[in-house]
Amino acid sequence: METLLNITIYLPLLGVLGILAAKSDEAIRWIALAVTSVTFAISLPLIFNFDVAGSHIAQYVTETDSLVYGLDIKYIVGLDGLSLLLFMLTTLFGPIVVLSAWTSVKKHVGGFFAMLMLLQTGSLGVFASLDLVVFYVFFELTLIPMYFLIGIWGGADRIKATIKFFLYTLVGSLIMLVALVYVGYNAGAMINDGVFITDWRVLSGMDYQIGLVEQTWLFSAFALAFFIKVPLFPFHTWLPYAHTEAPTAGSVVLAAIMLKMGTYGLIRFCLPLFPNAMVEFAPFIALLAVIGIVYGALVAMVQKDVKKLVAYSSVSHLGFVVLGLFALNSIGVQGAIIQMINHGLSTGALFLIVGMIYDRRHSRMIEDFGGITGIMPVFAVFFLLATFASIGLPGLNGFVGEFLILMGAFTSETIDNIWFAIFATTGVILAAIYMLWMFRRVMFGPVIKEENKKLTDLNAREIGLLIPVMIFIIWIGIRPTHFTQFSEHQVTVLLEQAEEKRANVLEAANPTELPGWASRFYDITPNIAEFSKEDTNE
Amino acid sequence: MELVNDLLLFLPAAIVAVGGLTVMMLDGYKAKSRTIYTTTMAFLSVALVIATYDLFMREPQEIFSGMAGVGGTAAFGTFIVVFGTFFTVILTHDYLIGIKHNFPQVYPLLMFCTFGMIVLATAYDLVTIFVGLETMSICLYALAGIIRDKRLGVESALKYFVMGAFSTGFFLYGITLLYGATGSTSLAEIGAYTDGGLIYWGGVSMLLVAFMFKISAVPFHMWTPDVYTGSPTTITAYMSTAGKTASFVALVLVLDRAMPFITAELTAVFTIIALLTMILGNVVAMVQDNVKRMLAYSSIAHVGYLLVGLAAGSVAGYSAVLFYLLAYTFMNVGAFGVVAYYEKNHDVHFNNVESYAGLGYQHPIMGILLSIFLFSLAGIPISAGFNAKYLVFSAGIEAGLISLVVVGVLASAASAYYYLRVMVFLYFREAKEKVSLMKPRKVYSYSLAFLALLTLYFGVVPGGVTEIIFGYFSESAVAATAP
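The listed protein sequences correspond, in order, to chains A and B.
Using our numbering, the letters of the first sequence correspond one by one to residues 1 to 538.
Using our numbering, the letters of the second sequence correspond one by one to residues 539 to 1021.
Only chain B is shown next, with the shape it has when bound in the complex (with noise of 0.2 Å):
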């Protein structure tokens, strides 16, 4: 009975991975692209709507006997995937289309991942973090090379297989190396131990450069931008908001719940890695003519910006990166959207920017709306992505971290420079040649537009939200360990 009970209170991630495998059988049995489409939809429909429910109304408690959680960060994360995964599939069926690429198998692909996703952000256990990752990633590098005639998708998939290969080797030694120190793969009975030691130390080093790896933080970022780049555009806006989130919220809890006790000295390695990160990130966007490429490597810098919350290392530093993390969705698979949209009406695989010279005045909502995601980027105010940069700053200055968090406002300065340029080119610029963009399907704009609507939202009355978000932490281990 406590397993049904169990399965109920773990509702999201049933649905989706059921849904996963009817919309196989589906593609199976030869059904159209437009039933497997709505199909997909409707069970996410209902996953959203149940995670949802459990992001208000559920309390915190532990499921399988400890391996996983429901309520609170989990809710939280469960939230966010579900929803992501949710506009990417809408943006996902147009985009396909329009590039003639129409492949169904993108649909059970994007389920299965969300599932590892779930699984991911509601772990309480090493093990259940290494299940969920090893499920994302394996339908990521699927996913990513899911257009097989393309040069570059499967250049993108390989390359993300061998480095996703190689930072699971990390991760499992990781555990290895934790279990034999601590003598429990539980989050909980590992945070308790406080003897350190070679072993425990060596343990926590790998398995911190796993999780760098899947966030793409410098110095372990080399695959993002070739994978980004050559993926299908929704496909990385997907990795780059739900995958990021699920990865982010377990390595929160890891930090909560596992390392309370060594939180100064990761603090030390988070703010060099947060350094280089913001720094290299904007850096190296600001030369990208390609735009793909070029909110590659702004995702990088927004990693940097995330990772100055985690180094702060406090419960605010925790909240301010959950509420980023819900504003980084928001933006970035808007911006990401819009991208696409223009992209499989040029007809081009090559996402230029000087392509984009006079397209603001085509369909102006689209231009409007990308202007408000690349605002919000740049954390200008009134959108979700000043206050998300606001707190994870203040939080950094709480704890001190004056001169990173210097850096971090001159790198997010930098920043506005290639976000502007985009808009440069929609608004400033005359088109060479004359291209005409077809009208956006309603839907597609709809769902771009409650986006940016909720980017706004969140810039006014971030309140709420970040009340929920500080709740989660009352019992945090952190707070309870901290001088």
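Only chain A is shown next, with the shape it has when bound in the complex (with noise of 0.2 Å):
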């Protein structure tokens, strides 16, 4: 197994090759097809065979020797709850990604599907990566091939669009880079003999604390990179121009999981390292992510491009994921990593349908469209459900991610405001406005453009490459718990163990030695008792 999750990992890169010597477009997409769907296929076992009593421990793990010498960096894979379903939409959204762009890439086939390959061994390895600096070089690893896709087969504005997308990402992983590496030699002299470890089941465990003071600059680092690529209101600016402008497969790739290695990153790192920080910085984190679910919500309703407006319900949506994490109890944290998944297959859907209907009318604009429903009836009702699932209708998944996440920051001790979870829930009833608003408008009503009368319904392609999207869709509606499953044990655990690596650091935290807006900031009184001894020794 372990030598499987290997491949699936590095299968994509291989085809690359393939797709190097392929000698026409034809064979290239085939190839494409075929390595995708091969990494689809041999992902299976990973999660029929998953063990998920022992989810909080990493499965299938591989281990190297030091790869840097005098430095314990390791290469070091394997998959435990949080990662599972995030690599398995992963491997699902290969081969769909690789249909959705068959006949709408027309320049530089090749450079298109390897670019897309090499995606996708790059966010396999994000989610796969259990050593601090392999997640690292993947996590940038991801940025080159998103910067071609955007840069070369994207709209009209696809130059700034990709250099604003690149600039922004690349700023925030290096600062992070520079804490993940002061974290390895504080790690390495307190529990490896001084020697640098980043390897995240040592860093995670009990042992490894850190101090309030670092934990307050560290926090801000990683969390700011993974802000960033959330993106978390108000660092989203760069989100807009990179959806509209990448291509149909570029947009659904961003939208589906790249989008999702920040909220990965927040609970799969922060959390077990700086479960102080976490805390505190909660309140402040849920009022940015609330305002950013209505801001998205309201920005995405006078939006009058189509892909404009999913981008923007994106800002939203993954408002309610960040919500969720920082609820900091098992219900939130729990419904996030399934928004995860929802918003992934949700607004994956909704930028696969936009990409559709633009390919036969070279629009995305409302305006242009009325009264489609009677023309292509089947898109339609594809339409409708990826419409509902973003909403959160029950019986789809989007209402289980958002009612979980929602119950969480009602109950939540961190934030300890209802009024962070009466905010958000107007976020669903506008997530109802803009995005019914907008189906009424494209597919109800009149026709009223003569070119919209000649258009033709989904081919079988698109339809095969939609259907299993809905499938799940629909599946995590009525069955969240064969999804939620796999997590809640290792949930549970990471929240305990986190609670109780704070309360140990606080513990261990010497008033006397930290700067005041420390004290005050995580809100340690000075024993009176102890200050009057010290004292009396001197």
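You may find that some hints are simply not true.
Stated by the list, open to error - Which stretches of chain B does chain A cover? Using the computed rule of at least three CB atoms under 8 Å from a CB of chain A, they are:
| id | segment |
| --- | --- |
| 1 | 932-938 |
| 2 | 944-950 |
Unchecked claim - Far from chain A, some chain B residues (derived; all Cβ distances over 12 Å):
| id | residue |
| --- | --- |
| 3 | Phe-594 |
| 4 | Val-665 |
| 5 | Leu-696 |
| 6 | Ser-953 |
| 7 | Ser-985 |
| 8 | Leu-992 |
| 9 | Gly-997 |
No lab work stands behind these hints, which were simulated from the structure alone.
This one's a predicted model, so the numbers in the text were calculated from it and none came from an experiment.
Ideal placement from N, C-alpha and C gives every residue a C-beta, glycine not left out.
Now that you have both chains on their own, put them together as the hints suggest.
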């Protein structure tokens, strides 16, 4: 199984070689489809053999010797409850994305699919790696193919969009790199005989505790990188650009997979490493998340471009995920994890659908459409389903995630204010407004434009690629436990450990050595008795 | 007998020197340029083989009565220099023919220059360093202006010469003062001196000023952009990699052996210089339209990152610097190689980035190679450039220079902008007018592909080399005197 995991990660990379060797565009497409399908097929045993009861321990682990002399940086990959579903989502979207680009990509076909394959390997690596440095490497690696995907195959304003995307993300992740190296040395000095170490399993364990002042800075650095990636308000400005200009396949991968790297990083690294900072920062970040939810929804409402509308709805939906994470109770975090998958499925589906109509009509403006239902009935069914999933209609996947997150936010002790949840709930209502309003203008009413009368309905390829997504949208909606079971145990363990670690760090903190802002921020009241004892000793 | 023995240990340099003399004579007898090129390559291949052998097998020891050394950092420096020269010669041959200025004089000059660099990289004594530095510099002045009918080339040679002579003065004065204070020019004996004093500090600062000039650190960088832009492109690659490596290896050795007791003071100095160099190099590179000039400023920026390693003042820092030099040689020779290829095809001696529009799709291999080299220069993972930066910055963090490292990574993020800009033109913009490129010669593209392969290889498995490099400093004076 260890080998299987590695093959799953690197098979797309091998596919790149096949694509480079291929002679015709047709061959390239088939190679890409074959490689991604096989990747998905061989990733299935990973989920079927997954030990649900032991999900808090990484499974299928590959661990090498140190890669750099004198530093304990090892290549460690494995899957646990946090990463399994996202890993599977990535392999599932592989063939779907390839199919979606089958006819719409006409120039430099080889390059396009090579970049998609590279992106696939990078994304799988991000979710599977259990060493911080290896994680960082894959995290950065996903930037390169996306940069080219947007830059070469994107829309009119693609160059500005792609550079903005690249630089934004790079700045965040480089600052994280500094923090990461600091953590490595700090952990080395504390628990690894002075040797630099970044093994996640060691760092997240109970032995390694970071002091309060350091936690503040390190958390800020890590969180900034992830917030930019998510993106959390006010770091979201690159997203609408990148989404609008990216080709359909790029938008789908960006929405379904790359944005999840941010939220995934928050729960994977920030929570176990910096529990104190996580708790104290939670209200502020929950505030940003709620602002993001409402702001994203309001801006989405006034968009004229369907794709931009979906992009802003992403900002709103990911606000929910962040809110759930920072509720820091098991129901909220659980909801956030399932909502990551949900958002991937429903927003991925919406981008696919927008791409299909764009291929036919070469426009994404809402005003150019109207009455499409009568012309493209099959299309209408899928579009409606995706729209409902995105709104969070009960019985579909979106409801499950949002419901759990709002429950978590209501009962959360860390954010401790139900107004967050109340305002976040308006996001759901607003989502219904902007999505349904858009749907009505595009799909119902009379057919105003002549051009729309000639539109053809979905073909077999397009139906085929949407069906798996729809299956999961309904499946998660009806039987969420089939999916939540994978992370349930680990989330509980993680939260318990974080709480215990937090208490330990607080106990170990010496109020006399802390700077004033830190003791106020972490609410440490100096122990008067100890003070006076020290005084008399001197 | 000892002399013969020492000479045998000093074989790469000896071969290069003899090779230089031979090709000079061939030129004198009006041999064909092709013959001269082949002879040069023959000598360099032998030297490269021996340098590689030395790199892995040779134990560190002193030769020529302690004036120079073999093995250890010396073998490492020699290897990079010979390796860099080897590829420079391949690229230069093609490039000079391409721009129709095929001067065979370039080969003996390159060989003598390489000899100087090897001496510089192996020196254990300030006098030897000076001999190496001057041999290298004089040849470089001539190489910079080798294309005589090009105004920019002549200007750059003259500028380089005047500024170089100036720094030589500083260097000599520094040696004199240090000799006055410590009574020796041997690095080890200077290192044993702990009394300080005005004369000693005067000597140290003069010496460092001269070194900062040679490695083009801010504020002694003024010559770099003009010289790098004006020189033939492949020669620029040579100066910025082999030349810089030799100077840096010598500098590391000087710091490690001759100044172990003042590491803390030097950290402060290097921190400031590194800050200035990183910021200025990156900021100015951002606004360049000429790719060559952009790479010149980027090379200043890279000196800044290297100085972070020196500022760390630890074995980890010095090792990181050496690894960085190796990585930098691969990627920068490669990047300049592709730039030279585009330049000679365009038949314009003007490398405006806008003339690159859409070129990436013609002979895609060259575009892909340039992208790999540029990503590596930007420090994106799975490239040698990332690991190099990683090691340097992590040495900085270990030494507690966190704010310096934060500025460093931000500068590095900024650098991505101008490297990406080249790719924007290569791939994202349509060409205004149709330019058709010549097919690159096999040996040209294979050499570049080999460099790209090494860039990626050391991006994935840097382990072996880092272990070797750490080994060089096992008896380091800095480690011994560290508190």
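Against the structure, the hints come out as follows:
no., hint, result
1, 932-938, "holds (count 3)"
2, 944-950, "holds (count 4)"
3, Phe-594, "15 Å, holds"
4, Val-665, "34 Å, holds"
5, Leu-696, "39 Å, holds"
6, Ser-953, "10 Å, violated"
7, Ser-985, "20 Å, holds"
8, Leu-992, "17 Å, holds"
9, Gly-997, "9 Å, violated"
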